[in-house]
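S.K.: Listed here are the chains, written in short residue letters.
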Amino acid sequence: MAGVQSRHRGWGYRGNVALRVVTGIVGTYVVAALVAAALARTLPMARVEAVAAATLLAFLVAPAVPVWAFLARGPWRALAGVVAVSLLLAGIAWLGGRPA
Amino acid sequence: MSAIRDGARQVMAWLHGWTGLLLGWVLFVMCLAGTLSVFKPEIGCWMRPETVATADPADAIAAAGRWLAQNTRESTGWYLTAPDGRMNTVEAAYSDGGTFLYRALDPVTGAPAARETFGGEFFYRLHFELELPFPWGRLLASLAAAFMLVALVTGIIAHRRIFKDFFTFRTGKGQRSWLDGHNALGVLAMPFHLMITFTGLVTLASLSMPWGIAAAYGDDVLAMYHDLTPGIAERAATGTKVPLAPLAPMLREAQRRFGGAPVGRVYVINPGDSAAVVTAFRADSGQIGFTPAEISFDGTTGKVLAGWAENRPGVQTYNVVYGLHMGRFAPSLTRWLYFLGGAMLTLAIATGLVLWVVKRRERAPLSLGNRILERVNVGVLAGVPLGCVAFLLANRLLPLGTLDRLAVEVSIALWTAAAALATGVALPPKLAWPLLLGLVASGCALAPWFAPLGQGDKVILVGNLLLLGIAAGLAALVWRQTHPKAAPVRRRAARATA
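The listed protein sequences derive, respectively, from chains A and B.
Residue numbering for the first sequence follows our numbering, beginning at 225 and increasing consecutively.
Residue numbering for the second sequence follows our numbering, beginning at 968 and increasing consecutively.
Worth flagging that the hints you see were computed from the coordinates, not collected in a lab.
Watch out, some of these pointers could steer you wrong.
[As the list claims (entries may be wrong)] Facing chain B, according to a computed beta carbon distance under 7 Å, are these residues of chain A, among others:
1. Ala264
2. Met269
3. Glu273
4. Pro290
5. Trp292
6. Ala296
7. Trp318
8. Pro323
Even glycine gets a Cβ: it sits at the ideal position worked out from N, Cα and C.
All chains, full assembly: derive it from the sequences and hints.
M.R.: This is the structure in structure tokens:
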């Protein structure tokens, strides 16, 4: 994303930024929500303990997502990274199952 | 930091600018109100100078309970906060015949304080509810806090010389000075900024990030709350009327079980019903962790229903993070540091917003969008403080018996801020800045002089001195704005580079 300067305002640049913005905003929330869900189900603690710890960790991890969304080499790569991590976390949450 | 490519740093600076700008005005309101909320109890004292009686926390709650029992109908709950060394009144939020009310109650008589006002509660609610209906205010506040966290992280990555900027301040140099000021404010208190933003996000987590709860509990949120605070007994109202037992013995028992620590909050759920429950919480001021212990009593017999002292590591960590944001634990010096850190963050946001415009003006004539932004900046950055000052002045000048006095004070604050915003947009910034800041300074200078005579309390004195200090500081700023130094900044525009 070399073209932050105002000169490069073609549609390619706009699409690039738009995709990263959507990835950054939606992706941050989705990843944080899935971290909270996956850890709440899998941390080896009492249910409410796991929820508290998972929620804290979700907020700690979240800021990495927008940084990634804007630093990844291309906008599609940024999106792919976020989707991959989300799928992984969703898988963990699904496998973990709802604790009794 | 040299491992980060220069291009990457530029991208982070770009992201820092946009995340800071987009909700910058909301963040300014939140930070200003939050900073004032550090002194929420003291502001309450300043705004109720007639109420000087003091009482032991348990006695004050008992008095409040007697007044509420006689003066509320079909109440579903009283949510009381006991007085402590910082505030003498009982804060009561309660339902009365279907409406929800807030009053500060006299600690001895239990009746509402003569000067009806939200006091510091106004700033506290403004801080995270933004005068918007539930849940929108809290959701907007959560979103703004998330943007703030990203702005902080990207700001740090974008920043080349954290240490050097500690000592850099170039005055009177347009963009450079604003940047230096913004950097110094941001860098000096960086750990505080990160802490307060992160912990702030966490305080609204059950609303903004409920997916951990949903994953582990499904729809059964009540089960989660029961696990979180096992000392709160829940039971449904029966509809059978049974008078509430005296609160004082229950509170004394609670304090005994808290190891002598005073009660803080007290909830009375379904008072007057046969299933009434009284829950007492240990005061928040004794430790960092919020909600350290609670105990519930049968409201009609005074028998203990449930009790809990928190020592589970996960929940305790959460409570400590929560408590760090609330700052209720903070002794005097720490409290002033919270206030200072908050003020620096508020100013960092304000300088950042100004910098956005200054930077672009020095490169080329401002676009229409940025010209509008410049004017809204004036309206918000000067108008919100003006609204706060109007709130304080309204408190002093409105007659004591004014109908719905609490709401009138708030309306005056909001309409003043709205009028200031309109003024900022309507007038050229060169005029609007000194005019509005001059009004804020005048308001701060005036507010101390209307206190009823003979109420020379120390809190009121400190508050007045602080107001006069702010007035002096702003007056100096207005003086500088209206008496510019000889060399105009614009001449440097040609030299300014990216």
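S.K.: So, for every hint listed, does it hold in this structure?
M.R.: Hint by hint, here is what the structure shows:
1. Ala264: holds, 4 Å
2. Met269: Holds. Min distance 6 Å.
3. Glu273: Cβ of Glu273 of chain A sits 3 Å from chain B, so the hint holds.
4. Pro290: holds, 5 Å
5. Trp292: violated, 11 Å
6. Ala296: Given a least distance of 10 Å, the restraint on Ala296 of chain A is violated.
7. Trp318: Where the cut-off is 7 Å and the nearest Cβ of chain B is about 10 Å from Trp318 of chain A, the hint is violated.
8. Pro323: holds, 6 Å
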